[in-house]
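> For reference, the chains in residue letters:
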Amino acid sequence: MTPWHKRRAVGLTLALGLTGMLALTACGGETTMGGGDEAATSAPASSEGGGAAESPQPAADFPTPNGGELNLYNWTDYISPDLLDRFESETGITVNLDTYDSNETLLAKLQSGGANYDVIMPSDYMVAQMIDLGLLQQIDVASFPNAQYLKPEFADAYYDPGRKYTAPYMYGTTGIAYDPTKAGMEITSWADFFAADSPAAGKIGTLNDQVEVIHAALRAVGSAPCSTNRDDYIKVEELLAGWKPNLAVINSDGVIGRMASGEQTVHMMWNGAFTRAEADNPNLEYVYPAEGVTVWADGLAVPVGAENMDNAKIFINWLMDPENIGEATNFVGYDNGITGSDEFMRADLGSNPAVIIPDEFKALAAPVPGCPLEAIDLYDQVWTNFKK
Amino acid sequence: MPALVYLLVLMVIPLGLVIAYAFLTSGRFGGVQGPATLDNITRLFQPLYLEVLASSVVNAGLATFIAFLIGFPAALAITRLSLSWQTVALIAVVMPFWTNFLIRTYAWILLLNREGILSDGLALIGLGPIEVLYTREAVILGLTYAYIPLMVLPIYASLQRLDSMLLEAACNLGAGPWRRFRTILLPLTMPGIITGCLFVFIPSLGNFVIPELLGGGNSQMIGNLIRDQFLKSRDWPFGSALSLLVLALLVIIVMLQASAARRSRKWGA
Chain A
1 MTPWHKRRAV GLTLALGLTG MLALTACGGE TTMGGGDEAA TSAPASSEGG GAAESPQPAA
61 DFPTPNGGEL NLYNWTDYIS PDLLDRFESE TGITVNLDTY DSNETLLAKL QSGGANYDVI
121 MPSDYMVAQM IDLGLLQQID VASFPNAQYL KPEFADAYYD PGRKYTAPYM YGTTGIAYDP
181 TKAGMEITSW ADFFAADSPA AGKIGTLNDQ VEVIHAALRA VGSAPCSTNR DDYIKVEELL
241 AGWKPNLAVI NSDGVIGRMA SGEQTVHMMW NGAFTRAEAD NPNLEYVYPA EGVTVWADGL
301 AVPVGAENMD NAKIFINWLM DPENIGEATN FVGYDNGITG SDEFMRADLG SNPAVIIPDE
361 FKALAAPVPG CPLEAIDLYD QVWTNFKK
Chain B
1 MPALVYLLVL MVIPLGLVIA YAFLTSGRFG GVQGPATLDN ITRLFQPLYL EVLASSVVNA
61 GLATFIAFLI GFPAALAITR LSLSWQTVAL IAVVMPFWTN FLIRTYAWIL LLNREGILSD
121 GLALIGLGPI EVLYTREAVI LGLTYAYIPL MVLPIYASLQ RLDSMLLEAA CNLGAGPWRR
181 FRTILLPLTM PGIITGCLFV FIPSLGNFVI PELLGGGNSQ MIGNLIRDQF LKSRDWPFGS
241 ALSLLVLALL VIIVMLQASA ARRSRKWGA
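So the sequence lines, in the order shown, correspond to chains A and B.
Under our numbering, think of the first position of the first sequence as 1, with each following residue one higher.
Under our numbering, think of the first position of the second sequence as 1, with each following residue one higher.
Any given hint could be a false lead.
Chain A is faced by these chain B residues, among others (derived, beta-carbon under 10 Å) [what the hints assert, rightly or not]:
no.: 1; residue: L48
no.: 2; residue: N113
no.: 3; residue: D228
Just so you know, the hints here were simulated from the structure itself, not pulled from any lab data.
In this text the structure is predicted, and so the values were computed from the model without any measurement.
Glycine residues also receive a C-beta, built at the ideal position from the N, C-alpha and C atoms.
In isolation and in its complexed conformation, chain B is listed as follows (with noise of 0.2 Å):
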């Protein structure tokens, strides 16, 4: 019963609300009012926003797969610590998240910035001074950095899991070292790096924190196109409509995962 009420009041009602606004005309200041329209849906189908919902999915793409290429090998290395080390190594892996996460976004700018620690450090050795930040790698930088936790953890888990006598009977029985990775080591955490990457990509999808302030407004996400739509241009039907499209993309995304997780359970029965 406590779950049904739980689902109700933080699942159906707020999305139930989001998609009937999706189907209403918007009020001259912001609100929703009759009558109901198509018009928000088929604007949604206008090049201007699926470009713009294209380049959100390569940003958080990319800051997946770059946290998933630092993430794995940390999780490999947090594995190999002793027991108390690993407490240590995960406490620390955790920490970032106890700052506010707008503080940890500010301090990029102060590293990232014409005058910041990279650009001094470069000039130092004759490749600065440089431009990173408001520009779309420092977005990537950033969405990496806010996430990567969430990479973490989950590959770790199932790396623990892993019962360490398979790699060393690969070993002995002479597999390298790519070949225990490939064969052994990636298809077995699998389920973690798919968890892993959907909990970086989903927020970094939505997020418009940071393409607001390393981006420097430069390159728009889908989050900040929603959030305008909201507080700037008041359009709530739009914004609810967008909404309802990085939903439908998530809900595919998720599909894909459940099926490819059910054949390669198949093959694994």
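Looking at chain A on its own, in the form it has when it is part of the complex (with noise of 0.2 Å):
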């Protein structure tokens, strides 16, 4: 047989090899995030007037371009790069932009403390949980030069009483998106969409999102997003088990493309997404569950930290311009918060139901404010099961 020392020596390898491998283990292939590192060259407060373009009768104390950086921490494929271009040579401030896919990795970030970024987009009850945590700044958003341009629904919010932390940025619903000519049925409620009997069986898709997936399925079962009554569970978890074999994928990436191909029929779906998928598939249609629909509204934030507090207030209030955000809407197919902006929105998103929610459903149709922790566990141990 082998010499010992060859053994020992392969022992010895292996042990080497395995305290790496272990490291492995707990990060197999992270990606890491970029930025964080960007030149803090802060631009100074200045009170000179000087050419600034933009906000035509700026407050008092309110601060005008003047250079300088500003380090944007946004959704991925979230604000469309003409504008920020537009930004960039109206105001002559340089933007580095860095981008997250969940609010939860925005609040690691931040967490961390090792982030540096002027301005974060979390969703409603992220925001909550942020002042909750003290992760914001108080900009006091009302007194912003463009806040006359708040739509009234959203000069108060839930999660930031008075706007004293966060301006709007987009909103929209978490529906069901499906094509009526293949799905073989009608879909109108969540609980056609989690039909165990579906005739699109095989051709479902989901949003890999814990939340909102059991949110949906607790409307569907009678019970309302929250809820702490197990026995709203276990009705649940048979309704996801009898799904289950219907659904082809719970992948939020690639839902345009899946759904304006055909690979799929039927999909839980963001409606600003949708209007992307229509664009090349205009037999989809976009349903506003009879149970009822979140909305979601995400936020322009300053973190606790910023080096730009100026320019991180000069993007915002550029951002409440009714121009400005109807652009950003044209780019992501998301309705926003700033009267006036449908002016300059493409014709086919100001009236698409899809887009703006018609009065018939407007009551189906309220934000969900983060669960309490009972709820949270519960909500933890459906979707393990769910997806194992």
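With the hints as a guide, bring the two chains together.
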């Protein structure tokens, strides 16, 4: 047999390798987010007027552009690059863009303390949590020059009373998209979506989003999001177990492509993504399910530790201008919180029932504040069971 | 001394944190707080989480087995090349590591999806289109692909140390190819094989990117569960407890390997 020393050598290599391997287990190929290392040349506050074309009637103490940088941390693919170019050329401020894929990633990055961002875009429930955690700076959006354009329903928000921390960016709904010509059924509710005997079996997809899927399933069994009644979750587990064999994919990426190509005929979908899929596949329809639908809203906020506070305020105010935010809407396909922006929107968006919630569905659409811990635990168990 | 610092910083402190977290209560927004509890540990033994672990072990095990089936002949073929070609072949084996892991995995999405090369190719000969992407098979394929170099290299190393005279002698004494493989090649390269298997199995077990991208979130593995505990559910203590479970499993496997090595050493002596 092999000489003993060779085995010992292999054993040693193994031990050394293992130490490294254990490290790999913990972080198997995680991506590292770029950014956070931008040069920190902060623009000093300046009161000299100068050639700033923006902000038509600047408030007495509102900053004016004076070059420098702005570190923007935003959702992936959530702002038009052309719009950022225009901001840069109008204000002389250089924008450094970095992106995240979930509110939780954003929170983790801020909590780790290593980040160095001036403007972030957390969603409603996350804004509330971040305020609680002391991660956001008060910027008093209501005093901004462009606050005059806020839609009345956005002048205040449950997650940010008095708009002290955030300005609205986009809002939207998480509903159902389907192709009535191919799905073989009419879908009007979450119960239809989760039906075990769906004729669309094998062509159904859903977002990989624990919160939204279980919100919807709870609605489908006659309960409500964030329920703390265990019996509801037993019903939800049954519903999801019966539905899973019909499911082709649980994935939040590539939904637009899959729906546009007809690879899937039914999908849980964000309304903005829907408008982009609909452009390629006009047969698609967007459903406001009869049991209710989540309205979410993303806010523009300034995290604690931002080095370019003035530029952050200038950027947020600039995005509250109807023309600028209208152009932003044209890129992402979601409606925004600014009055008069519809004048600058593409015609197909301004009149699209998926974008502007029609009056008859307004009662169905409501925001869902973050669930209590007890519900989060139940969500987590149901979701793990569903995905295993 | 530097070794001590290395161990302390890279091993003892992080591991100590994981162990400590596993016995604490989760904070409202992530993080940990008192009081100490055993709840996270008892929760591990719910069938739900054990099932996820079991299916991860099966996935990682299958990936390891396939990597061995492909990796062993590949390593053998490399040792048969001339020395300069061996270098070329080894570089070719390692080369994928020069490309970002995510990009390589994304490439598989393009290859495997319904409109991809595989599906289209099979359609040409009347076997397609097929659904491979977003299945468990795709996850196993991805894991095998990602870690196969870690199988080839240790096996290559032990094959190289093998005295080829042994094979010649066996041949002269009338042993057929299968017999030569079973009684000489396999036992003598066993250390390399075991090393390779562990190198593939361990990172496969904890991987969460491949199940996410190629499994379409449809076939969750233990790595996804742990990641979700930290980032989505923000239950750090339970995530830590799950990590300990994986760690315990790996320690058992490595101990089994060590005792197997000891046994065969005894026989060999």
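> Look at each hint and say if it fits the structure.
To see whether the hints hold, each was checked on the structure:
Annotation: L48 of chain B was flagged as interfacial toward chain A, and the flag holds, the nearest CB pair being 5 Å apart, inside 10 Å. A distance limit of 10 Å between C-beta atoms decides the matter here; for N113 of chain B the minimum to chain A is near 8 Å, and the interface restraint holds. Look at D228 of chain B: its Cβ gets to within about 8 Å of chain A, closer than 10 Å, so that hint holds up.
Of the numbered hints stated above, none is contradicted by the structure.
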